[in-house]
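Q: So you can see what is in the structure, the chains are spelled out below.
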Amino acid sequence: MTAAATEPSRAEAIRDDRVATRSLAARMLSRPEVGSLVGAIVIFALFMLVAVPFRNVANIGTILYGASTIGIMAVPVALLMIGGEFDLSAGVAVTTSGLAASLLAWNFGLNVWVGVFLALALSLAVGAFNGWLLFKTGLPSFLVTLGTFFVLQGINLGVTRLLTGNVATADISDMDGFASAQQVFGSEISLGPINLKITVLYWVVLTVVAAHILLRRQVGNWIFAVGGDASAARAIGVPVRATKIGLFMAVGFCAWLSGMHLLFQFNTVQSGEGVGKEFIFIIAAVIGGCLLTGGYGSVVGASVGALIFGMTQLGINYAGWNPDWFKAFLGVMLLLATIVNVYVKRKADLR
Amino acid sequence: MSVAATPILELEDIGKSYGNVHALRGCSLRVRQGEVTCVLGDNGAGKSTLIKIVSGLHDHTDGVMKVDGEPCRFGSPREAQATGIATVYQDLALAPLMSVWRNFFLGNEIRRGPLRVLDIDRMKQICHDELAKMGIVIPDLDRPVGGLSGGQRQCIAIARAIYFGARVIILDEPTAALGVKQSGVVLKYIVKARDAGLGVIFITHNPHHAYLVGNHFVVLKLGRVVLDAHRDELSLEQLTAEMAGGQELQELSHELSGADPGKVAAPAAVEHGQVEAPDLPPVMEAEEERTA
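In order, the protein sequence lines correspond to chains A and B. Heads up, the first sequence is in our numbering, so the first residue is 1 and it goes up one at a time. Heads up, the second sequence is in our numbering, so the first residue is 1 and it goes up one at a time.
Hints listed in this document are in silico derivations from the structure and should not be mistaken for laboratory results. Where is the CB? At the ideal position from N, CA and C, for every residue including glycine. Among the hints, erroneous ones may be present.
With beta-carbon atoms standing in for the labels, derived distance ranges [unchecked claim]:
{"no.": "1", "chain 1": "A", "residue 1": "117", "chain 2": "B", "residue 2": "26", "range": "52 to 62 Å"}
{"no.": "2", "chain 1": "A", "residue 1": "38", "chain 2": "B", "residue 2": "139", "range": "23 to 33 Å"}
{"no.": "3", "chain 1": "A", "residue 1": "253", "chain 2": "B", "residue 2": "122", "range": "29 to 39 Å"}
What the simulated footprint calls covered on chain B by chain A, stretch by stretch (three residues with Cβ under 8 Å from a Cβ of chain A suffice, anywhere in the stretch; the number is not a length) [to be verified]:
{"no.": "4", "region": "16–29"}
{"no.": "5", "region": "116–130"}
{"no.": "6", "region": "188–197"}
Partial pick of chain A residues on the chain B-facing surface, computed with a CB cut under 10 Å [as the list claims (entries may be wrong)]:
{"no.": "7", "residue": "30"}
{"no.": "8", "residue": "58"}
{"no.": "9", "residue": "60"}
{"no.": "10", "residue": "224"}
{"no.": "11", "residue": "226"}
{"no.": "12", "residue": "231"}
Construct the complete structure from the given sequences, taking the supplied hints into account.
A: Pasting the structure below:
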């Protein structure tokens, strides 16, 4: 304690010897993302061993693409969970956004970009509505977003059927602005033998920005606080309502980004898609060290969780195993990761 | 009018009703610089409602609240803090999973540079210094506060309120959950805050603690003020009596007169008094026999 020498008043402070300084190793181990990192290394080693195509450098692009489509959503979902709330509508909200852009542009003969920005407004509005309903009703977010999950699912199917008489939107690849929008949302970059989808870039940028906000910004402090103890946060002057609604809107924004990729990758959107994805986002966040009760977690961890998904999904394919087993594998992964997280954290806190 | 004579905070006939439940009625209170105003009362007397009004969590339904002589209402705790009224709650308002320094600066984070990034080093330094002034050194400020003792958490909450709350500090039963020694530390800190020119509102149901540090005493009962007196007009005995409800305490002591608390006897012997023999666990019985 070098500081103690500079001021005399501090010298009289009695050091509580029951609370010792922890070693660097213990502090590193008590970070929330440790469990997911260990898991990622184990999964990587496993598939390197059993799946020959997994070792092919060119396949890195494919694996990262799979991870990025989950990661783009896992990041805001992790922030929301740290803020103490769930969003079960996150999966179908992606589809809603893609459908909205496509249907609006097609039916009104608009430039594709107009549809894209209308979809952004809609996605943000859905997020804000989730947050608003949460505070208006006082119900847990699990119930509120379960409601919007079903509502959006129904609207997706109903409106698409109503406007196109089909379960998918029309191909919009010949419309004005499609080429430039595809450049933004669905292009590919070549790095030597590796072809990287642009979503990988979005995923990495989102992770860095979100991690910075969470750990180095005032808002990040507020996110931890509203998730850890909302009434304490309010009492000390944190705008709880605005913080949580903002988090729901961040999920909306990323749902829009994912939805746009979906649209411009395949030129058309299936209206029934996205159901069940919300749990995958939540599982990625939990593997990454987020507590279901809020107030604790890591964005980097959630991204590593998404990477584990990407590796597993393709690794099972590459290994020649029956992909039917994928979900069972995921369940085991989830349980193992959470057990490791809890175990490591307890050990590190005791040191 | 001199500075000291104008109360920083003044309540006139403040009342609060929740529907048809009147939690607080006609309560008047004055808080001056460099004075400790003690608010005493039993459970359900309206102490918590009073703090919630002053700290901006609830709005009052009757009466006038004045800050520096100007009538005002607080819409949120942030507004109350902006006028210099800081509150240390009974549940301390700390997020248990957050680190010490993050809790300390919650809502008042220090940011630097054009990008407004958190100035973590400076916050940790200030946090360390402020806690050291209260006599507590936590070597690892990155530890979650949930793992600290009750006294340490109390100190963090009080140090935080004093560091940020310049003029009035409200302490909601700060000694209720503490041992004798930690209570002493907190009481000493109340005196320090008073000497630093703060107005202190000390909410407690312990007249002994109140009388040690208080300049002015207000006793609440069932939502009304039943005593409002300066230290000169009051002895500890009077305060205790008023607090416990004078008459009720007399009746209680009369009722218990047969059970001499100094008397050590086997439980069976007590049935000659006016109190029935209590069911004592075997451990206590053994202890009493040994002392006998």
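Q: Please verify the coverage claim for the region 16–29 of chain B: does it have three or more residues whose C-beta sits within 8 Å of some C-beta in chain A?
A: violated (count 0)
Q: Is the listed coverage of the region 188–197 of chain B by chain A valid when you require three or more residues with a beta carbon under 8 Å from a beta carbon of that chain?
A: violated (count 0)
Q: Let's test the interface hint: is any C-beta of chain B closer than 10 Å to that of residue 30/A?
A: holds, 9 Å
Q: Less than 10 Å between beta-carbons is the criterion; does residue 60/A satisfy it with respect to chain B?
A: violated, 33 Å
Q: Can residue 58/A be said to touch chain B, with a Cβ gap under 10 Å?
A: violated, 39 Å
Q: Let's test the interface hint: is any C-beta of chain B closer than 10 Å to that of residue 231/A?
A: Holds, because the Cβ-Cβ distance from residue 231/A to chain B comes to roughly 8 Å (cut-off 10 Å).
Q: Does the closest beta carbon of chain B sit nearer than 10 Å to the beta carbon of residue 224/A?
A: holds, 5 Å
Q: Quick check on the hint: residue 226/A CB to chain B CB, less than 10 Å?
A: holds, 9 Å
Q: With a Cβ-Cβ cutoff of 8 Å, does the region 116–130 of chain B contain at least three residues near chain A?
A: It holds: at least three residues are needed, and the region 116–130 of chain B offers 7 whose Cβ sits within less than 8 Å of chain A.
Q: Holds or violated: the 29 to 39 Å window for the beta-carbon distance between residue 253/A and residue 122/B?
A: holds, 32 Å
Q: Taking the beta carbons of residue 38/A and residue 139/B, is their distance inside 23 to 33 Å?
A: The hinted range 23 to 33 Å holds for residue 38/A and residue 139/B, with Cβ atoms some 28 Å apart.
Q: Between residue 117/A and residue 26/B, does the C-beta distance stay in 52 to 62 Å?
A: 58 Å Cβ-Cβ, so the 52 to 62 Å window holds.
Consistency with the previously given hints fails for numbers 4, 6, 8 and 9, ordered from lowest to highest.
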